[in-house]
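Participant: Letter by letter, the chains look like this.
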Amino acid sequence: MGRQSKTSLTFGTALLVSTAIGGGTALAETITVWSGFPEMVPFYEHVAASMADDHPDLEVNVEAIALREHERRIALGLTGGGQGTLVVELAGSTAQRYIENDLLPAAPDDVAAFVTGDGNFSDFFIDTASDGGTVYGVPLFRGQGALFYNTDMFEAAGLTDPPATMADYTDYAEALTQRDADGNPIVSGWSLRLSGGGQGIAEKFWINLFQFGGSVLEQTDDGMWQAGYANEAGRNALNQYLVSLYTLNTVTPEMPADAEAFEREQTAMFIRESWVIGDIAARSPDLNYATAPLPVGSIALPVNLYVSEGDETDAAWAFAMAANDPDNLVWLLENVGWLPNRINVDYSSVTTAIPAFSAFVDNPEGFEFFTLPAIGPIEEVLTRLAAQLEAAFADESLADDSEAIDAFLAAAAEETNRILEREGLLAQ
Amino acid sequence: MTDASQNHGVDSAPGIGMTAKARMTNLVIDIVLFLFGILMVLPLILLVANAFKTPEEMVAWPPTIIPADPTIENFSSVLGDTPLLRWIWTSLRFAFMSMVAIVITSSIVGYVLAKFKFRTLEVIFILILATAIVPFEVYMIPLYFEAQALGILNSIWGLLLGYLVMSFGIFLIRQNVKHSIPDELLEAARIDGAGEMWIFARIVLPLLRGPLGALAVLAFFQAWTAFAWPIIVTTSRQSYTVEVGLALFQTGFTVDLGRLSAAAACVLIPSVTIFVILRRNFVQGIASTGVKE
Amino acid sequence: MLRTKKWRFAILAILPTLAIFAYVRMFPIWETLRLSLHRWDILSRDKPFIGLENFQELFQDQLFLNALVNTTIIAFGVLFVTIPTALVISALIYHRTRSRFAGFYETSVFIPHIVSLVPAAMAWKWIFDANLGPLNAVLEFFGIPGQAWLFDPVLSVICIIILCSWQALGYAVLIYIVGFKNLPISLFEAAKLDGASGIQRFLFVSVPMLRPITLYVSVVTLISAFNVYAQAFVLASDAQGAPGRLVRVLVLDMLENAFRNYRVGYAASEAVILLLIVLVLTLIQFGLLREKWNR
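Residue numbers (the working numbering), protein chains in the order written: chain A, 50 to 477; chain B, 1262 to 1554; chain C, 2 to 296.
Do not take every clue at face value.
[To be verified] With a straight-line Cα cutoff of 25 Å, these simulated BS3-like cross-link-like pairs (lysine-lysine) come out: (1) LYS1376(B) / LYS48(C); (2) LYS1378(B) / LYS182(C); (3) LYS7(C) / LYS1439(B); (4) LYS6(C) / LYS1439(B); (5) LYS1378(B) / LYS6(C); (6) LYS182(C) / LYS1439(B); (7) LYS1376(B) / LYS182(C); (8) LYS182(C) / LYS193(C); (9) LYS1439(B) / LYS1378(B); (10) LYS1282(B) / LYS1376(B); (11) LYS7(C) / LYS1282(B).
Read the hints as simulated data drawn from the structure, not as lab findings.
Everything numeric in this text was worked out from a predicted model, so none of it was measured.
Chain A with its partners taken away, still in its complex shape (with noise of 0.2 Å):
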């Protein structure tokens, strides 16, 4: 950096245009992280500074926006060239559109040996990280949903062991929630993603589907996808939104939401991944809350990290491999929270010191997972669910209405199932 500053004092327009045309040349041994979690930063700088002794010529530029727009940069970025070497953090299910363009090269023979060899992760990351038997990728961490739920107000309202069933959580939400004198919620009992772009609607609501046996899509024998909420489970999961937000009045969409709102104590319960954990460890440390599995089973969603063609590939490589050392790994654990996807590593020093990751890893038995499918339209089916989601949600007329819901959702399965068409995947 001190160099092309001093550089650029005297070369100025030069160098610009070099750096311009010639990306990563100018600048030798450099590497880029793009990473959609901005909590993610200290992590990939902590991996940089472990790489130190054995790279010393090796400069990581990490830059984490929003995920939405990491997506979009990726898209562009991948396709366009001129960004120099990168190391790309992807889910498995968006990297699948990638390979099969070939924008991004498949590991090397040595990082494809870790990824599946010595018991370093299970069946289900070696295959997100992979298609069709090569392994294109490194497993790092993965989303995995749980329960947050606040102990002093579970107190208050006389509550003990944390919601067991979906239908426990509406009575719970409708304890939970506190009220003003007119009976409007000012805490909310349960805080649901009600609003906002992009597909995070679909996918908590996913989650949610997923607790009353249902899924967005599901795969049929013939390996291809259909709409799988236009059912009663879709009925269920719908109008439990509904009841919440109408019937029951224990949330409503402009109220404080997600971990913001729990930090602050202005929501009894929500379900989130286990950054949450770090994130009330930085910002509320004396808030007293507590995890539990969901019902049924979580989303898992495996965040891998690809590597872009580029001058500097071998070192990106060894990045990614240094990012799964044992001790970076527990590092990620302990100060970030994003559950880590390697298994042969000691994390018991973290989980017993804190007791909020056990709702993550001690699953209990019969617990299932599931992810987001590995197909191209992956994000268009999921953004216009939630985009139809997000009109459901404002309609109060829906509401305990079965056939009203049905209705609507035959509708949305059927634009997803149009899409699936349109690409090839739909099931016959």
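Given chain A's structure and the hints, the job is docking chains B and C onto it.
Facilitator: Same frame as chain A, now just chains B and C:
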């Protein structure tokens, strides 16, 4: 327009002849306009005020207008955590370079289209006029792929690609040349043996100082406030313009309104200052946009 | 001889700009038209021609139709707020041209037009905030219950209209002030002699006389409002704590299709629709103006 021609619509001449009733009316109008003016800038004032609030005060109800316990914590942390100054610098350079490009291209083409009477030029003028109405958003996706092919994404050149020419600028200069520079003046120079280049540089350009100044301000702010193009051209944090940086700044996991406001205030202050200094140019520019249809 | 020389200068002078113009305007516009008839996912080399299929799909696409309706409502909403307000405010400012505050009036009305969109939208996002915002605080002060401005399907559209009008107003006022300055004095003197009051003169002399300007400002306002994007983006942006309801507008839907759903051809067909709308609006303007000339 001369001063004498002003104020003819409604009588407002101050002074001896004014009745008490007229003075009263003026006072009421002043009050209305004053309140309206305050109302218009109020959101921005609130934004600046928020920048000085502590996190506790930020979430207090009812909201305060003036910070009870002003702090500059937000500014120092936002300047420390984000390359805000770099973003502002990028925006300034981008806006300035775009301004220069637009002023140059518009003045030459505007002059030629106004004073050289050839059939081909008329066709070109109609073509330029027709594209003036096509919103940028319509063609920015193919333009993006051009930038990609040139390898200038994530650079100031990539940003500039979308802002090199301005159909409206060409139109503006053409109208001005047509109405304010007599043909006789140019012909006289030609008879004296002046070259075309000399005529343009020594006669036309000096006469266009007013409209060119106005166009410069227009072009500068057009680039300064650009959003849709920079957000697709820049994908690295280091190359954002300030608009993009700010928009993405607030999409992390949690919103920190105080810091966000501090960042926004840092952006508002230079642009408002520049505008207030150049206001005269701007008003003249708008005035000369040929709305006399 | 002189003519050839002039011709050579003209061509040489405009050629560089013309080349840039062709490259950054003509060609991309042409490409948009061409892409709209193709199917392309950005990544693959395959780009099959599919005729009008994209357009057929567009008109069955709920999100697109929703975006079209929203954008139209917003554009006309902005128009109906901006034009009357601008007329009145500019008349008042013009009336007080000699006031020592005239500079302040003009500047304060115009500043929203030049400030960056994003900071401005952020300020408004806070003002509209249901739990923290001053708007609800003011309402509650008067005993009116607070509203979920950014979340209600109707109110969130109104919020965008307010925000866009706030930004569009300054430009309209400035143009109108110019218009007032160009009105012929004689008409007003005559009206005054006939005993018309200030308000009567405004309504029956100024407003009709300013019709061409009203038309011009209307079209400019409409066209720029049809391109609304940053406002919707910021008000609903995915900040996890308090995202607003996403008001889907054309440009947003277009960019989502292009860069999120990887459907560039489809997005291009949306751009073509946007182009057609703007074209029709402009033609209407020219038509109305011609009608005026002919009368």
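Participant: Work down the list of hints and note, for each, if the structure agrees.
Facilitator: Verification of the hints:
no.	hint	in the structure
1	LYS1376(B) / LYS48(C)	violated (45 Å)
2	LYS1378(B) / LYS182(C)	violated (33 Å)
3	LYS7(C) / LYS1439(B)	holds (17 Å)
4	LYS6(C) / LYS1439(B)	holds (21 Å)
5	LYS1378(B) / LYS6(C)	holds (13 Å)
6	LYS182(C) / LYS1439(B)	holds (21 Å)
7	LYS1376(B) / LYS182(C)	violated (28 Å)
8	LYS182(C) / LYS193(C)	holds (17 Å)
9	LYS1439(B) / LYS1378(B)	holds (12 Å)
10	LYS1282(B) / LYS1376(B)	violated (53 Å)
11	LYS7(C) / LYS1282(B)	violated (63 Å)
Of the hints listed earlier, those the structure fails to meet are numbers 1, 2, 7, 10, 11, in rising order.
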